[in-house]
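Taken in sequence, the protein lines are chains R and F. Residues 1 to 200 (UniProt numbering) make up the first sequence, in order. Residues 1 to 200 (UniProt numbering) make up the second sequence, in order.
Simulated from the structure, these hints should not be mistaken for lab results. Treat the hints with caution; some may be incorrect.
One copy or two, either will do: identical chains are not told apart, so a pair holds if it fits within one copy or between any two.
[Unchecked claim] Derived DSSO-like pairs: lysine-lysine, alpha-carbon spacing no greater than 30 angstroms straight-line: (1) Lys139 - Lys25; (2) Lys53 - Lys139; (3) Lys55 - Lys168; (4) Lys25 - Lys168; (5) Lys134 - Lys25; (6) Lys53 - Lys168; (7) Lys139 - Lys55; (8) Lys134 - Lys53; (9) Lys168 - Lys91; (10) Lys53 - Lys25; (11) Lys91 - Lys25; (12) Lys134 - Lys168; (13) Lys91 - Lys134.
2 protein chains.
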Amino acid sequence: MAVAYDGAIQDLIDAFARLPGIGPKGAQRIAFYILGADESQAQELADAVMTAKAKVRFCEICGNVCEVSPCPICQDPRRDRSIICVVEEPKDVMSIERTREYRGLYHVLGGAINPMADVAPSDLRIPGLLERLKSDEVKEVIMALDPNIEGEATTTYLSRLLGPLDLKLTRLASGLPVGSDLEYADEITLGRALTGRSEV
Amino acid sequence: MAVAYDGAIQDLIDAFARLPGIGPKGAQRIAFYILGADESQAQELADAVMTAKAKVRFCEICGNVCEVSPCPICQDPRRDRSIICVVEEPKDVMSIERTREYRGLYHVLGGAINPMADVAPSDLRIPGLLERLKSDEVKEVIMALDPNIEGEATTTYLSRLLGPLDLKLTRLASGLPVGSDLEYADEITLGRALTGRSEV
């Protein structure tokens with residue numbers, strides 16, 4: 001009794017099930033959606049994958065993803081070149097851009113220190129950061145790493161490394177998320193919110 | 001301030017965000033996964049999409065998806081040709097096959113009657129079903145439609161249409177899902193479980 005789909009259908013389901021965040025049921029749903037969709041939409045998806053793989057590279061300065069290196073942010077003359085915001089991943093650059101609160105430059109490390117996943121400081125784009133800091137132009141480095149164990153470890157590592165340099169070193173504020181409920185905040189977050197309290 | 005990604009990256013995110021069950025954050029996550037993956041995995045995904053679109057067709061007899069028509073189930077001489085199980089979608093065939101409780105044939109309607117979505121009986125593969133029932137070989141039709149309003153409407157419609165024929169007409173049992181809690185069953189399901197109770 002056949003309990004797998006015919007070759008090409010199962011291949012399609014498997015290809016989607018390998019992507020992050022898509023389970024077997026979701027992959028099946030997507031596969032049937034594609035089988036029922038216009039030929040042009042399927043072509044568009046296949047083209048988008050191959051075009052992105054062919055065109056997208058990492059910016060030689062900041063490590064962000066881009067089609068031309070240096071990336072548009074590094075090349076933008078209106079950005080404040082005295083501040084560098086250090087993030088883990090390219091998608092973090094977009095998250096910070098969306099706040100519209102930041103006009104400086106970025107530096108993408110490509111991850112965070114994580115001994116469990118075999119990510120050592122030498123696997124991160126730290127030498128490139130040190131190179132950029134040699135110019136007197138940079139006055140502040142904002143460490144915007146994820147507020148989890150790996151991010152904290154990386155922040156601590158960078159603080160020690162950059163501490164001796166003549167720079168203002170800052171990090172993102174910890175506290176209560178806007179729109180949240182004090183009752184549901186965990187103790188550590190609430191503790192940080194207390195420590196970091198500001199005058200009104 | 002640019003708050004969208006460079007062309008090819010955004011195109012890739014958009015292509016995935018158009019698929020069912022993938023939101024903007026999920027699409028972004030998948031896009032960055034693909035950008036970081038091997039060229040070969042990206043190629044595999046693009047190929048799987050185009051190959052499936054090119055190869056997959058609908059079985060001329062039962063309407064299931066397949067690469068050769070008639071499909072392997074319709075062609076299998078070991079299947080019981082006296083029973084036809086009517087389902088809404090090709091994926092329902094796979095769900096029933098996985099139970100390993102059914103050895104008959106299938107008929108995929110391609111949907112269920114749904115006036116809100118403009119699906120009339122004439123949009124379903126009902127003529128093909130009637131054609132198959134003309135042979136004296138078929139003794140039973142199992143209506144295995146979804147237990148929701150559209151499925152019920154379609155079951156009722158088919159019951160009236162097939163009632164006059166010399167056939168056993170059956171439908172899937174309604175009742176409590178195995179492993180569930182009586183306390184959390186809705187009234188209609190519990191009512192059906194009572195009505196359909198069996199002797200032990």
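Each hint tested on the structure:
1. In this assembly of identical chains, Lys139 and Lys25 lie within 30 angstroms of each other by CA distance neither inside one copy nor across copies; the values are 51 angstroms within and 33 angstroms between.
2. For a Cα distance limit of 30 angstroms, the shortest separation of Lys53 from Lys139 qualifies neither inside one copy, at 36 angstroms, nor across copies, at 55 angstroms.
3. Taking the closest pair of Cα atoms, Lys55 and Lys168 never come within 30 angstroms of each other, the shortest separation being 36 angstroms inside a single copy and 61 angstroms across copies.
4. In this assembly of identical chains, the alpha carbons of Lys25 and Lys168 never lie at most 30 angstroms apart, being 50 angstroms within a copy and 33 angstroms across copies at closest.
5. Neither within a single protomer nor between protomers do Lys134 and Lys25 lie at most 30 angstroms apart by alpha-carbon distance, with minima of 52 angstroms and 36 angstroms respectively.
6. In this assembly of identical chains, the alpha carbons of Lys53 and Lys168 never lie at most 30 angstroms apart, being 38 angstroms within a copy and 56 angstroms across copies at closest.
7. For the identical chains of this complex, Lys139 and Lys55 are neighbours neither inside a copy (34 angstroms) nor across copies (60 angstroms), given an alpha-carbon limit of 30 angstroms.
8. Taking the closest pair of Cα atoms, Lys134 and Lys53 never come within 30 angstroms of each other, the shortest separation being 33 angstroms inside a single copy and 54 angstroms across copies.
9. Taking CA atoms no more than 30 angstroms apart as the test, Lys168 paired with Lys91 passes inside one copy only; the shortest distance there is 25 angstroms, against 59 angstroms between copies.
10. For a Cα distance limit of 30 angstroms, the shortest separation of Lys53 from Lys25 qualifies both inside one copy, at 27 angstroms, and across copies, at 20 angstroms.
11. Proximity of Lys91 to Lys25 under the C-alpha cut-off of 30 angstroms is found in both arrangements, the shortest distances being 27 angstroms within a copy and 10 angstroms between copies.
12. In this homomeric assembly, Lys134 and Lys168 come within 30 angstroms of each other (Cα to Cα) only inside a single copy, at 14 angstroms, whereas the closest approach across copies is 85 angstroms.
13. Taking identical chains as interchangeable, the C-alpha atoms of Lys91 and Lys134 lie at most 30 angstroms apart only when both belong to the same chain, with a minimum of 26 angstroms there against 60 angstroms between chains.
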